[in-house]
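Student: Here's the letter readout for the chains.
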Amino acid sequence: MFKYLFAKEDDIPAGSAAIFFGYSSILWFIVGTGLGSFNAAKLAFPDFVTGEIMWSFGHMRQVHVLAVILGWISMAFAMAMMYITPALGNTKLWSEKLGVWNCFIWNIGLAAGLTMLWFGMSSGREYSDMIWPVDLAIIFGILLPLGINVWMTIKTRRTQGIYTTNWFFGAATFMVIIVFTVGNSPEFFQLTGLTEAYLTWWFAHNVLGLWITPVAAAISYYVVPKVTGNPLYSHRIGHLHFWSVVVFYSTPAAHHLMSAPLPEWLKSFASVEGVLILVPAIAFVSNLLLTMSGKWKMFVENIEIKFTITGVLLAIPLNMQGGFQQTRAINWYVHGTGWIVAHAHLALLGFSTFLEAAAVYYGLQTLLRRKLYSLALANFHFWMLLIGFSTYWISITIAGLIQGAGKIYEVPYIDVVIAEHPYMIARWVGGTMVFLGNCVWLFNMWKTMREGTLIPAGRLPHELAYER
Amino acid sequence: MAFREYTIGARMFGLAFGTSMFITLYMPAMDIRNVSVTEIGLERQLSFGRVGGFSYEDPFLTGVAKPTTVDISVDPNTGAPMEPTRAYVYPAGTPFPNGIRHPLILGEKPKGASIDKGKVLDAVEAQGAVFVVRVDDSGEEAVPYIENATATRGWKPEATMAKASDADSYHIGKGKIMFVREGCWWCHTLLPEQTQDWQYFGAPPMLGDFNGESPTAFGSDRKGPDLTHVGSRNSSREWMMMHFFNPRLVQPHSIMPRYDYLWGDKDSGGNTIDFDAWRAQYDKYAANETVYPPEVPLPAKDSEARALIDFVLNLK
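Chains A and B, in that order, give the protein sequences.
Here the first sequence is numbered in the numbering used here, starting from 1 and rising by one per residue.
Here the second sequence is numbered in the numbering used here, starting from 1001 and rising by one per residue.
Incorrect hints may appear among the rest.
To be verified - Listed below are several chain A residues computed to face chain B (Cβ distance under 8 Å; list not exhaustive):
| hint | residue |
| --- | --- |
| 1 | L43 |
| 2 | P46 |
| 3 | I53 |
| 4 | T192 |
| 5 | A253 |
| 6 | T337 |
| 7 | T366 |
Since the hints were derived computationally from the structure, they do not count as laboratory data.
Cβ coordinates follow ideal geometry from the N, Cα and C atoms, glycine included.
With these hints in hand, go ahead and build the complete structure from the sequences.
Tutor: Right under this line is the structure:
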């Protein structure tokens, strides 16, 4: 990577930036899930690694969250953008060199930012925990270069129209910059009180709604038609998905604070808009599942489709929960319980991770022109992820329901803690499975780079999956 | 090849996104801005100081440049006995809270009273000041406001501190920093819910309870009880001290981490704390080999543990 930082643009092989982003994202996924497993062990066994400030839960928890969001998920997004955007525009990436620099600065900056957070330099705001100088560095050093590369690649495309995936990429890179700028404004401008609380959750909601969800969906809009060979079922439904994300998904931020003293009109408005996120969700899921028609055997046989369609199917419970758990009728029961933690993991570890893993699997094989080293290990990775995630999700959902019952029946809190204990152990087991699966994944992708069978020109990796 | 310019799409995108941002940012901002601060809100921001998280005066969150809250019952200026009063002492150079720097955020009436009666604009950070919270009930509705006692009564920060005993001095501002840095808010909310758990955790906060406070650190995920009114439920300093040192001493089933590292190297008597010996003795106690657990060392006056206990006990 370092030799390309100061190379001439033409001397950098096409796809380098995407490859670097791909491997970086896998590394950060291992870091993030490893931290998650460590934190879960602390919740199950409170005296596990104790009495050291740096290894305390309060110092590690936010590092886990942001390593996964800004390391794994966002870097996998950058990887996907670096190869899918030019591929759909029938062109090259606007600047491979900018992409390589972007990846370099991203890795360095994220490591530095997370270290600061680990040492306790926090803004005290969930999801926007990073201190404001780091926020500015993220906006101008990471997100803006990424956006410029994507926008310019779309602008210099050699196709007449713009495919669905690229609408989402272009719009989401723009919206995430707005989200970071506005969402962190309480720190830039010393905004306080309820404004600060509201903007904290405005950020947290929109970084998911306008960045993670649409980009993850956009990736599957590429992977499913590309791998199955079927055209996208309907571009009209794609339109509906895109516009309803912009209109509905950007508004319900206040539903994260349904029990806080915010203006009532704002909470009611957010709640109604929150149910309307079912519009983009149903449009997305139905469009992708209908695209699969006639090719459902690939759900079993093909590793990219297996990951993608699992992610799409997980979007169904995700949005059913997401749409309704924020209404007052349900929120009073589940607010502040493990149910919400399970829901967040369903969004990030379930829905979106499976879509990104498919993009990384597919992209690395295509760009390296090498077949996957071991399909068996890839399947092992898939099942470790799915079973580990399901264990986590089911156990914490149950724990959340217990907590909710304890809350409304005014059970002494310590009894809730005791009742949750078995589920905390299950959560740790599930999280550790995900972590171990990712270690296997890194090994598999490393071997793919070194020893994978070369793919002849004109062939696609998945066509050769079962050939020797 | 004729390229599509997507001019309509781009404009529609701007319109849709702009409208959404107008509804979710501008309208709530204008609404929240008119919220008038309550007495609780004034007490909170005066005891916490300017920022409870990262700030340029305290980048590593060690709790420097924070006010001290004191309960005094004699006038620091004259030495005459007076009604017990809670004063917020800002020594010279301590950044003032946001309500003093920008009285606009207090809401119209508290702002007017704080400026006219409280003389808050006369306070100078470089010289320090002592503030108290007052309520003006001369009009139709009671208006809480901040009084700059340094300007109105001549109370000087050092003299005021000297009139309060150590037991009556609370390092709440530093404690809030500890609360944020140590991530207490990952497991404990500061927000009893309006709908159901006020009977168990106490009254939910009101609209004006947070003006000037940052971060609000409501928390989103409970793994332990809500702490908004914990000081009213349990006011024992001894219990808090044992609980922070090792929660299993007072609550065998707790999953809270130990915060013994907040004690620092020395206890209140200046003796070095031998953590290894303490843990060895505790392990024996936990294994039922001894009847009593080892004594928890008293935290030093300037320790982080003391500040955190002050903060928690004053959540009332």
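Student: For every hint, state whether the structure bears it out.
Tutor: Verification of the hints:
Satisfaction of the interface hint for A:L43 is found here, the shortest Cβ-Cβ separation to chain B being roughly 6 Å, below the 8 Å cut-off. About 4 Å separates the beta-carbon of A:P46 from the nearest beta-carbon of chain B, less than 8 Å, and the hint is met. At its closest, the beta carbon of A:I53 sits 5 Å from a beta carbon of chain B; the interface hint therefore holds under the 8 Å criterion. Contact between A:T192 and chain B, as hinted, is supported at the beta carbon level, the nearest pair being about 4 Å apart and thus within 8 Å.
Restraint check, A:A253 versus chain B: the minimum CB separation of about 6 Å is within 8 Å; hint holds. With a least beta-carbon distance of about 7 Å to chain B, the hint placing A:T337 at the interface is held under the 8 Å criterion. Against a cut-off of 8 Å between C-beta atoms, the interface hint on A:T366 is violated, since the closest Cβ of chain B lies about 26 Å away.
Hint 7 from the list above is the single one not met by this structure.
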